[in-house]
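**Student:** Okay, here's what each chain looks like letter by letter:
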Amino acid sequence: MAELQFREALRAAMVEEMERDDTIFLMGEEVAEYDGAYKVSEGMLDQFGAKRVIDTPISENGFSGLGIGAALNGLRPIIEFMTWNFSFVAIDQIINNAAKIRYMSGGQFKVPIVFRGPNGAAGQLAATHNTSVEAIYAYFPGLKVISVSNPDDAKGLLKSAIRDDDPVVFLESELMYGMRGEVSDEEDYTIPIGKARIAREGEDVTIVGYNKSYWVAMETAQRLEEEGYNAEVIDPRTIRPLDIDAIINSVKKTNCLVVIDESNPFTSVASEIAFQVQERAFDHLDAPVARVTAKDVPAPYAKNLIDYYMPRADEAVEACKRVMYAE
Amino acid sequence: MASQTKNKKKAEEAKGKQAAKAKSEQEASANGQEQEVRVPASSSVEVTFATYQAEDYDHRELGLEDAQLLDMYRNMLLQRRFEERAAQMYGKQKIAGFLHLYIGQEAVSTGAVTALEIGKDSIITAYRDHGLGLALGMTPNACMAELFGKVTGSSQGKGGSMHYFDAEKKFFGGHGIVGGHIPVGAGIAFAHKYKEDGGVCLTFFGDGAVGQGSFHEALNLASLYDLPVIFIVENNEYAMGTATHRAFAEPDFHKQAVGYDMPGAVVNGMDVFAVYDAMKTHVEMAREGQPSLLEIRTYRYRGHSMSDPAKYRTKEELEEKKNEDPIIRLKQYLIEHDLSDNDALDAIDEEVKQEVLDAVEFAEESDLPPLEAIYEDVYVQDDYPFLTD
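Chains A and B, in that order, give the protein sequences.
For the first sequence, our numbering gives the first residue as 7, with consecutive numbering after it.
For the second sequence, our numbering gives the first residue as 902, with consecutive numbering after it.
Don't read these hints as lab results, they were simulated from the structure.
We put the CB at the ideal spot given by N, CA and C, even for glycine.
Be aware that a few hints might be false.
[Stated by the list, open to error] PhoX-like, lysine-lysine: derived pairs with alpha carbons at most 20 Å apart: (1) B:LYS1070 / A:LYS116; (2) B:LYS1232 / B:LYS1222; (3) A:LYS259 / A:LYS301; (4) B:LYS1216 / B:LYS1232; (5) B:LYS1096 / A:LYS116; (6) B:LYS1096 / A:LYS57; (7) B:LYS1021 / A:LYS116; (8) A:LYS201 / A:LYS165.
[Stated by the list, open to error] FRET-style restraints, in silico, Cβ to Cβ: (9) B:GLY1142 / A:LYS57: 42 to 48 Å; (10) B:TYR1285 / A:THR29: 51 to 57 Å; (11) A:ASP313 / B:VAL938: 39 to 45 Å; (12) B:GLN1282 / A:ASN236: 41 to 47 Å; (13) B:LYS1096 / A:MET7: 34 to 40 Å; (14) B:ASP967 / A:THR29: 39 to 45 Å; (15) A:ILE204 / B:LEU1288: 19 to 25 Å; (16) A:GLY184 / B:ALA1144: 54 to 60 Å; (17) B:LYS1254 / A:ARG26: 37 to 43 Å; (18) A:GLY55 / B:GLN1282: 28 to 34 Å; (19) A:ARG26 / B:GLU985: 49 to 55 Å; (20) A:GLU192 / B:ILE1275: 37 to 43 Å.
Pulled out of the complex, with its shape left as it was, chain A reads as follows (with noise of 0.2 Å):
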């Protein structure tokens, strides 16, 4: 095991499938001469020359259309988007082309694309700059999306998502690019796409948290134990396709759901979470589904608001003692 930063893991990942397959570029702003805007890209202009990696004006829509032309006509683009928040100038090119053209064609084409960059809130940015996507585009068929909350996931799961074929939107966060964690460094290291992770096994209470939400599972299920609970932590690492079968099996022990999601609630990951757990477990479920969220408002900017807004461990502790009848 080697430990990198978050980062190098996603960096990592893209070195060493450019290195086994030439049709894979990286295009997006400030991702050459610039080594990335959050340095994720550092050195692949270096290594790989401005034939594949490749810097772009501030045009959203344009280049992630010219990668899934590109896409369509035989090559494998990673596309970066400096944050998700930007991508909403290229949703149309996101939805109705990458995730549609295959079924429209009758399967005639394929788009092996992947869209990654980093998604949620990054601290006081405001309104727009602080948006969670995951909900948006797992939406659509055709999509998958992945969201990675520790750099081992980030590289396996970067990995995968570039070798599919299907259209990936892949989501990192601002505010993990720097943290450190232990990487496989097992040759060709690749984590399968749908599949959650066990991150702590408990039968008390079961918190389902991904990306910077998972860290909030962490810790909640860490206060939990210093009150003598044992929650059981998972992360789903794969939003579309969801692995529900590890969340209902892991229900099926605790008999009780708290959703940590820092998106807004309404029409949310939770939500879906929540519903399909309804559908398929509910004579196990001794509580509602619980979900801890972003505020049903816009990201705020002032300090104390935007603390206010993201789902905290407080809130999380809360919820599960509610679900377990444990007040």
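Following the hints, complete the assembly by docking chain B onto the known chain A.
**Tutor:** Then chain B, alone, in the frame of chain A:
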């Protein structure tokens, strides 16, 4: 042409260039010189665009063989007869949804396709796609069956009128969101260049698409990266019911090329020779890594779609345009130059009509897609766990 002298970085390493720039800035500051905001003493643009008129062409001078002319005639006629029959079938409710007819614009598709190497070069277009599909050699059977929503259709009944595709012929669709496919066309061209396979991409769209940001972004990227692409505005004068002069501050669309430092030209799309001539020139440019913008002025005889009575134009206007009919124009050329005669051309027409009737029969007799096909071809992954009932 001022705009066509390009001083772009081509093969040179971007990195080296950046280093050189940084160096000169460093030197400037070492010399104690302050960087000034600079405004040129004067600035102007003067550009002349190539024009391709409907005129007295000699097909041999264009490099076309006699026999090719009959193929072109047949190619245009097939599109015309196919769509006339499709309109009739729509009236009989055999075809549902949208049906956007290309009738009147056939010289554009045929002229373009004749200038291509089919299978090597690529084409992408918007939703008025029957003409290009047939011109490229998609079979009337597969095309009609697709309109009927049958499993034997080109997209197995999943695309319909707006979404013809043919991977083998490098026909990348058939797209429904105005302007949305233009960057995709640039990307197809990007892959041709990346793979160094010598192919170019013809990216067709209607006049309405020029109002979309995707058009402007795609032209900028194509010029910046020297992509082998030709952007082709099929200006049929109306975006649905809105005449171009009511929607565009500058309805001379070819002039948009200036803003993206690429050649632009304007072509009479009612003359297949003019289209071929322009296309040949611009395909050649694209093969050399020079993207360009062609505005082809054409006219659709029918409404925007089947539900459009076209009240926004007069009958006189329509009749006048029909006098310029591209198929009649080529027919006259063939007869005047003793390359064919009325009987032979009528015989082609009969053959084509029969081919279309056979396609209708084929479509009628084909099966609907099986219900289980609804979950097929969403993903390449064959065991994707869909949420099912």
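**Student:** For each hint, tell me whether it holds in the structure or not.
**Tutor:** These are the hints, each one checked on the structure:
1. B:LYS1070 / A:LYS116: This hinted pair holds, its Cα atoms lying about 16 Å apart.
2. B:LYS1232 / B:LYS1222: 17 Å, holds
3. A:LYS259 / A:LYS301: 30 Å, violated
4. B:LYS1216 / B:LYS1232: Violated, because 25 Å separates the two Cα atoms, which is more than 20 Å.
5. B:LYS1096 / A:LYS116: 18 Å, holds
6. B:LYS1096 / A:LYS57: 11 Å, holds
7. B:LYS1021 / A:LYS116: 18 Å, holds
8. A:LYS201 / A:LYS165: Roughly 15 Å separates the two Cα atoms, so the pair holds.
9. B:GLY1142 / A:LYS57: 42 to 48 Å: 46 Å, holds
10. B:TYR1285 / A:THR29: 51 to 57 Å: 23 Å, violated
11. A:ASP313 / B:VAL938: 39 to 45 Å: 42 Å, holds
12. B:GLN1282 / A:ASN236: 41 to 47 Å: Check failed, 36 Å falls outside 41 to 47 Å.
13. B:LYS1096 / A:MET7: 34 to 40 Å: Holds, at about 38 Å.
14. B:ASP967 / A:THR29: 39 to 45 Å: 43 Å, holds
15. A:ILE204 / B:LEU1288: 19 to 25 Å: Cβ of A:ILE204 to Cβ of B:LEU1288: about 23 Å, so the range 19 to 25 Å holds.
16. A:GLY184 / B:ALA1144: 54 to 60 Å: 56 Å, holds
17. B:LYS1254 / A:ARG26: 37 to 43 Å: 54 Å, violated
18. A:GLY55 / B:GLN1282: 28 to 34 Å: For B:GLN1282 against A:GLY55, whose Cβ atoms are near 32 Å apart, the range 28 to 34 Å holds.
19. A:ARG26 / B:GLU985: 49 to 55 Å: Holds - the Cβ-Cβ distance for A:ARG26 and B:GLU985, about 53 Å, lies within 49 to 55 Å.
20. A:GLU192 / B:ILE1275: 37 to 43 Å: 39 Å, holds
In this structure, the hints that do not hold are numbers 3, 4, 10, 12, 17, in rising order.
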